[in-house]
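Asker: If you want the building blocks of each chain, they are given just below.
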Amino acid sequence: MPEQNIRVIARLDIKGPNLVKGIHLEGLRVLGKPEQFARYYYETGVDELIYMDIVATLYGRNSLLEIIKRTAKEIFIPLTVGGGLRNLADIKTVLRSGADKVSLNTAAVKNPNIIKEAARKFGSSTIVISIEAIKQDDGRYLAFVENGRGHTGLDVFEWAKKAAELGAGEILLTSVDQEGTGLGYDIDLTKKVAESVPIPVIANGGAGKLEHLKEVITEGKANAVSLASMLHYGFFDKSRIGNDFSLEGNTEFLKSGQRFSKIEPADLMTIKNFLVKQNIKCRKL
Amino acid sequence: MAYSRRQKIAIVDYGMGNLFSVKLACERVGLEAFIVNKGSDFLKASALILPGVGAFGEAMDTLNKLNLIEPIRNFIDSGKPFLGICLGMQLLMSESEEFGLHKGLDIIKGRVIRFPLQDFEGGSKVPQVGWNKIFKPDYKPKDEWENSLLKGIKEREDYIYFVHSFYTIPASKEIILSLTSYAGVNYCSSLQIRNIFACQFHPERSGPTGLQIYENLAILLKTHQRVE
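Taken in order, these protein sequences are the chains called A and B.
Here the first sequence is numbered in the working numbering, starting from 1 and rising by one per residue.
Here the second sequence is numbered in the working numbering, starting from 286 and rising by one per residue.
Quick caveat, the hints were computed from the structure, so don't treat them as lab data.
Just so it is clear, the structure is predicted and the values come from calculations on it, not from any experiment.
Ideal Cβ positions, reconstructed from N, Cα and C, are used throughout, including at glycine.
Fair warning: there could be bad hints in the mix.
BS3-like mimics (lysine-lysine), calculated; alpha carbons at most 25 Å apart, straight line [to be verified]:
#  : chain 1 : residue 1 : chain 2 : residue 2
1  : B       : LYS439    : B       : LYS427
2  : A       : LYS135    : A       : LYS121
3  : A       : LYS121    : B       : LYS388
4  : B       : LYS350    : A       : LYS92
5  : A       : LYS209    : A       : LYS135
6  : A       : LYS214    : A       : LYS116
7  : B       : LYS439    : B       : LYS425
8  : B       : LYS323    : A       : LYS121
9  : A       : LYS116    : B       : LYS323
10 : A       : LYS281    : B       : LYS418
11 : B       : LYS293    : A       : LYS281
12 : A       : LYS192    : A       : LYS116
13 : B       : LYS427    : B       : LYS388
14 : B       : LYS323    : B       : LYS388
15 : B       : LYS439    : A       : LYS116
16 : A       : LYS162    : A       : LYS214
17 : A       : LYS73     : B       : LYS293
18 : B       : LYS439    : A       : LYS284
19 : A       : LYS277    : A       : LYS209
20 : B       : LYS436    : A       : LYS284
21 : A       : LYS281    : B       : LYS439
Over 10 Å on every C-beta distance to chain A, these chain B residues come out as not near it, computed from the model [unchecked claim]:
#  : residue
22 : LEU328
23 : LYS365
24 : LYS410
Next comes chain A alone, as it looks inside the complex (with noise of 0.2 Å):
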């Protein structure tokens, strides 16, 4: 069992105003307003937020500026924001709009001195490195920007190594092929990246049930496991009755008021009392 507090993350994916889901990345639903679902969270005891504006690299835009103003006058945990930071100016922006760390994907791969720089600039803490993996068929994990759509040809465990040694604080790390299935997180990746380097990993991609945290969290050696579709379809009939949601996007899905079944939702409670019953160490409220 890991000595540590493992860190409960919800990763709130944003395009434009509102709160998004897919399946590997792509195929996007609305789910509502980002700033409720991380309210809520927060009051129910999550360790961190994320926000990731998942169009920004290819729209080259950032629409997260006031979201992440809204977020931070409420919410007093850790607050990382991503998607589309291009230079160390885009970085002070978005911090200086309330997040407290940055995560860094495509402009770190194009120049990874960018790392160097901005944990000078902003302490090592302040700086978390995306990697987005996918298997090959030859079984090497390879590094991809865009949401799993940009090629990189990076080794994902020398660029993890590479980009610890450059400064970075923390890997948030997604596996591509796991991520929005609720099939589990894929443990050997997570095992294998955080025993090369020293600093924390965050596993990201693939939660459906309770067991997948324990599995990641013991068997992968995650030091903090990310969260998206468990929590926010947990808490999605709230937030869906009422809410005045933009019409941008795919709401279809939100109307419709399907579920989605391979993942059992769950709220923040019940993650930590599953957590603490099973030995792993985490903050409860």
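Given the coordinates of chain A, work out where chain B should sit on it, guided by the hints.
Answerer: Positioned in the frame of chain A, the structure of chain B alone reads:
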């Protein structure tokens, strides 16, 4: 009447870390907070907060360049409440071993050192990122927290948020207010001496538990004002 005057908290901006969460936490408990980067602005403050995330040497250089070192000393000498958070705590010490040896503000005698390196497999990761608990040193009075900004925090029970690779070793153990356990060491996670309170953790990122510390600051300032 002096009593109705709003308390103003000055937050030192020297380009390091998230000042805005500190400001928002102050505002949440009804304190007026403003971000300053000129020593002359400290004069109108009833309390000064030195926050900070980042590298020690770089931070000292910047404080020097912005001519903030003397104003910080003067503010502390004035007896008004002073808060050092995270790097802001470490900077108070005599020296740090972060990326070579660096001189600190030397307001508190002591050193800043790194967590011991661990094996990656099963060992504690450095930096420590996450929630941890605090407890009183066994040689200190049991009720000491009652007269400090930690009033109301439950030792070994409440969780507080930490992000750091380095920690302080004050020369005098007497000033240690709380200890925290990580990577096999019990280290100083907060200290108090005269009008200085400093903590390694981030109260502004520690949920309701952390906001209690800001609430305590607001109460302290009210008392302070009555004495004036």
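Asker: Would you mind marking each hint as holding or not holding in the structure?
Answerer: Hints, verified against the model:
no.	hint	result
1	B:LYS439 <-> B:LYS427	holds, 12 Å
2	A:LYS135 <-> A:LYS121	violated, 34 Å
3	A:LYS121 <-> B:LYS388	holds, 19 Å
4	B:LYS350 <-> A:LYS92	holds, 20 Å
5	A:LYS209 <-> A:LYS135	holds, 22 Å
6	A:LYS214 <-> A:LYS116	violated, 33 Å
7	B:LYS439 <-> B:LYS425	holds, 16 Å
8	B:LYS323 <-> A:LYS121	holds, 20 Å
9	A:LYS116 <-> B:LYS323	violated, 29 Å
10	A:LYS281 <-> B:LYS418	holds, 12 Å
11	B:LYS293 <-> A:LYS281	violated, 39 Å
12	A:LYS192 <-> A:LYS116	holds, 24 Å
13	B:LYS427 <-> B:LYS388	violated, 34 Å
14	B:LYS323 <-> B:LYS388	holds, 22 Å
15	B:LYS439 <-> A:LYS116	violated, 39 Å
16	A:LYS162 <-> A:LYS214	violated, 28 Å
17	A:LYS73 <-> B:LYS293	holds, 19 Å
18	B:LYS439 <-> A:LYS284	holds, 13 Å
19	A:LYS277 <-> A:LYS209	holds, 15 Å
20	B:LYS436 <-> A:LYS284	holds, 20 Å
21	A:LYS281 <-> B:LYS439	holds, 18 Å
22	LEU328	holds, 26 Å
23	LYS365	holds, 25 Å
24	LYS410	violated, 5 Å
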